[in-house]
Amino acid sequence: MIYKETGQYKSSYKSDHAIFPLIQDKIAFGTLMLFAFLVVPFFIDSYWEKAILVPFLIFSLAAIGLNILTGYCGQVSLGTGGFMAVGAFSTYKIMTSFPDLNIMIIVLVSGLITAAVGIIFGLPSLRIKGFYLAVATLASQFFLVWLFNKVPWFYNYSATGQITVSERLFFGVPVTGATAPPYATYLFCLIIVVVLGFAAKNMIRSKIGRSWMAIRDMDIAAEIIGVPPLKTKLSAFAISSFFIGVSGALYFAVFLGAIEVTESFDIMTISFPVLFMIIIGGLGSMLGSFLGAGFIVTLPIGLKFIMVDLIGLSAVTAKHFEITIWGFLMIVFLIVEPHGLARLWSITKEKLRRWPFPY
Amino acid sequence: MRIKQLIVGMTATVIAISSYVEIAVADLKFPMLVYRTGAYAPNGIPNADGFVDYYKMINARDGGIGGEKIIHPECETGYKTQVGVECYEKNKKDAMVFQPMSTGITYQLIPKATSDGVTVYSTGYGRTSAANGKVFKWVFNAPVTYWDGASIAVRHVLKQNLGNIKGKKIALVYHNSAYGKEPIRTLETLAKKHGYKLMLLPVDHPGQEQKSTWLKIRRAKPDYILMWGWGVMNSVAVKSAASIKFPMENFIGIWWSGSENDVLPAGQGAHGYKSLTFNAPGTNYQVHRDIKKYVHDKGEASGDGSHFGEVLYNRGLFQAMVQVEAAAVAQKIHGTSKITAAMYRDGMEAVDLNAKRMEELGFKDFAPPFKNTCENHGGSGLAAVQQWDAKAKKWNMITEYMYGDKDVVNKLIAEDSAQYAKEQKIAQRCN
Chain A
34 MIYKETGQYK
44 SSYKSDHAIF
54 PLIQDKIAFG
64 TLMLFAFLVV
74 PFFIDSYWEK
84 AILVPFLIFS
94 LAAIGLNILT
104 GYCGQVSLGT
114 GGFMAVGAFS
124 TYKIMTSFPD
134 LNIMIIVLVS
144 GLITAAVGII
154 FGLPSLRIKG
164 FYLAVATLAS
174 QFFLVWLFNK
184 VPWFYNYSAT
194 GQITVSERLF
204 FGVPVTGATA
214 PPYATYLFCL
224 IIVVVLGFAA
234 KNMIRSKIGR
244 SWMAIRDMDI
254 AAEIIGVPPL
264 KTKLSAFAIS
274 SFFIGVSGAL
284 YFAVFLGAIE
294 VTESFDIMTI
304 SFPVLFMIII
314 GGLGSMLGSF
324 LGAGFIVTLP
334 IGLKFIMVDL
344 IGLSAVTAKH
354 FEITIWGFLM
364 IVFLIVEPHG
374 LARLWSITKE
384 KLRRWPFPY
Chain B
36 MRIKQLIVGM
46 TATVIAISSY
56 VEIAVADLKF
66 PMLVYRTGAY
76 APNGIPNADG
86 FVDYYKMINA
96 RDGGIGGEKI
106 IHPECETGYK
116 TQVGVECYEK
126 NKKDAMVFQP
136 MSTGITYQLI
146 PKATSDGVTV
156 YSTGYGRTSA
166 ANGKVFKWVF
176 NAPVTYWDGA
186 SIAVRHVLKQ
196 NLGNIKGKKI
206 ALVYHNSAYG
216 KEPIRTLETL
226 AKKHGYKLML
236 LPVDHPGQEQ
246 KSTWLKIRRA
256 KPDYILMWGW
266 GVMNSVAVKS
276 AASIKFPMEN
286 FIGIWWSGSE
296 NDVLPAGQGA
306 HGYKSLTFNA
316 PGTNYQVHRD
326 IKKYVHDKGE
336 ASGDGSHFGE
346 VLYNRGLFQA
356 MVQVEAAAVA
366 QKIHGTSKIT
376 AAMYRDGMEA
386 VDLNAKRMEE
396 LGFKDFAPPF
406 KNTCENHGGS
416 GLAAVQQWDA
426 KAKKWNMITE
436 YMYGDKDVVN
446 KLIAEDSAQY
456 AKEQKIAQRC
466 N
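Going down the list, the sequences are from chains A and B. Following the numbering used here, the numbering of the first sequence begins with 34 at its first residue and continues without gaps. Following the numbering used here, the numbering of the second sequence begins with 36 at its first residue and continues without gaps.
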């Protein structure tokens, strides 16, 4: 009853093809955007910014990227950490070589550099599929992290191998470095995520997205009907790496400010969690990327809050429980709904169409 | 329907309770970033126990600092930088000082704490150039830094060889992170100065895979090995050295690689292993007697109480002692017991732990005296060498406290801090 599309007639193809065809969806999404842009920046404090919102935005961008590659194009990739490292180090090198360049341009150019690297590491996908491709992308993860650790040019010959971001202004407000106010970093990430998210959604709904899905479903049949496998797979790698590179640039410049490549872009810190985000959120779903990112970023913090602050357990006991509960919840979610949280949401919408009537 | 009501009810209760969790802070807050889980827990646990026991003892014996009780909320980081940042953001309100116990987290917190106005005390770790108080107003790493440590280790090697190590091979087995890479520049400079050959052997986190490293060592047969390890990497390295029958008296670890849980797993094979240290081992000090009386005998020991007197436990006592002393000095300078974070920093900068004051606090002959000044946040730069006796299962100090190569170290500190000041646009203070 809430979600019925009765009475909403479309009189043009354009309105019929809208991303949100129902008025309820339009209103809900519009309210969410207004809330995110106009209400949150006034109430955000540095804990919410640093612990929840900015990591959520950055990881949802990375999850969108990996979803394009794995969810829509079917190429399993474990190289997310390595590509985020490419984004971060490109940002660092460009920042230090061109001190006057605008941070938005730097972030987008880092994405382009990562896209180029992604194309190179995507070449094996033309020959190998499935788990074997996962291993090849795993090699990219280890190689890239090793490269940034070993070659001193990447970290400007610093004695410790750490890279630090310097302050950059965006419309007069610092968005990088320790002086950046919480609302500035939040809005900067939010603008990038919204714009790139819309770009991703539109790409997925257009010819290129359909060719990705054709490759995912049965690549030999797709090739027979005329989908070019080389161009399609490489475009998936390129666009996915662009998203992941931009998220890596934001991870370094806006979120952490100083990173050490072996610790920050480790496979267990980035690659596996982002893969879990898209699996739990829902493969092949834009909403799924956001839901999965939100789940994985906020679950440890939420559990810690409940156990340490509310129940009063000691920090270390809470940590032991948190590790167990995290794994248990992941198993539960995958049993209850193997297609992820996005599928749970679409089932909810289906039920809301008919509610309160059961049929 | 019922389940929905239950969920709505629970959420409302949670939100209602959470509004009562804010506690009024008149006490002094010393947040603790600890890691009692993960690959670095074997070393994180005794150190954290030392801190907590000392705070509890001060609260029980003295009623706090100047009458203000110490509260020490623990936040579990697992040695992960992102979690460390979250713990910092959660606890920075009204916090006096942060002791991250991780070089990675320290690097992250230095710009944040500088901008938020909270002291970071990275005792003998962290960013070495923070010893330059002119650039790093809010960061202290007294009493000694990694570059001092590297030059002290080389000085010990020189002493063993009557001052001439030309042509000798020294290998550095280091944790492949900012922490492990800290001594490399100093060791390279000293290699040019003294004529030895430096061999660099990185070990990736968490440090359990060292077979290839020790195979290389077996083939290259270096004369001395220096180790910059932490957590499980230490014990694996000591075991591997024992298994390739490397002469353990030529194996010297930094002060974070020389504690009981690093050498006990290797059993008798670890006999003779050396490490640097800036505090004495053992329990024969007044502070230990006080802790036993006021904390352990009342059943309030932190953790399971089994790490009492271990090297890292003692180091935790030392670190907590300096932090508490800084608060006491701050209270004296500003004439009030309710000090703010800015007042605390002034106190930390004025800390003067001479031999007499250390004895008053129960730490007679525990560590060399040091004094913080506006320009020098790195302490005296003294460390000694201790050696493990596997039969008696104890550490013995085998040298006096000695300085490193101050010329080399000071020059490198000035260079590095000047570069940081330029990048972050910090004006030099203390003029």
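Treat the hints as calculated values from the structure; they're not laboratory data. Any given hint could turn out to be false.
[Said to hold, decoys possible] Stretch-level coverage of chain A by chain B, calculated; a stretch enters the list once three of its residues show a Cβ under 8 Å from a Cβ in chain B:
{"id": "1", "stretch": "67-73"}
{"id": "2", "stretch": "192-200"}
{"id": "3", "stretch": "297-308"}
{"id": "4", "stretch": "342-350"}
{"id": "5", "stretch": "365-376"}
[Said to hold, decoys possible] With a straight-line Cα cutoff of 25 Å, these simulated BS3-like cross-link-like pairs (lysine-lysine) come out:
{"id": "6", "chain 1": "A", "residue 1": "Lys126", "chain 2": "B", "residue 2": "Lys457"}
{"id": "7", "chain 1": "A", "residue 1": "Lys183", "chain 2": "B", "residue 2": "Lys246"}
{"id": "8", "chain 1": "A", "residue 1": "Lys183", "chain 2": "B", "residue 2": "Lys204"}
{"id": "9", "chain 1": "B", "residue 1": "Lys104", "chain 2": "B", "residue 2": "Lys367"}
{"id": "10", "chain 1": "A", "residue 1": "Lys126", "chain 2": "B", "residue 2": "Lys460"}
Since we're looking at a predicted model, the values are computed, not measured. Beta carbons: idealized from backbone N, C-alpha and C, even for Gly.
How the hints compare with the structure:
Counting residues of the stretch 67-73 of chain A whose CB lies closer than 8 Å to any CB of chain B gives 0, which falls below the minimum of 3, so the coverage claim is violated. For a cut-off of 8 Å, the count of residues in the stretch 192-200 of chain A with a CB near a CB of chain B stands at 7, and the three-residue condition holds. For a cut-off of 8 Å, the count of residues in the stretch 297-308 of chain A with a CB near a CB of chain B stands at 3, and the three-residue condition holds. Residue count for the stretch 342-350 of chain A with a Cβ under 8 Å from a Cβ of chain B: 5. That meets the three needed, and the coverage hint holds.
Restraint check on the stretch 365-376 of chain A versus chain B: 0 residues with Cβ-Cβ distances below 8 Å, three needed, restraint violated. Note on lysine 126(A) and lysine 457(B): the hinted pairing holds, with a Cα-Cα distance of about 17 Å set against a maximum of 25 Å. The straight-line distance between the Cα atoms of lysine 183(A) and lysine 246(B) is roughly 20 Å, inside the 25 Å bound, and the hint therefore holds. In summary, the hint linking lysine 183(A) to lysine 204(B) is supported, as the alpha carbons are separated by about 22 Å, within the 25 Å threshold.
For the proposed pair lysine 104(B) and lysine 367(B), the alpha carbon gap of about 16 Å is at most 25 Å, so the pair holds. For the suggested pair lysine 126(A) and lysine 460(B), the alpha carbons sit about 19 Å apart, so the restraint of at most 25 Å is met.
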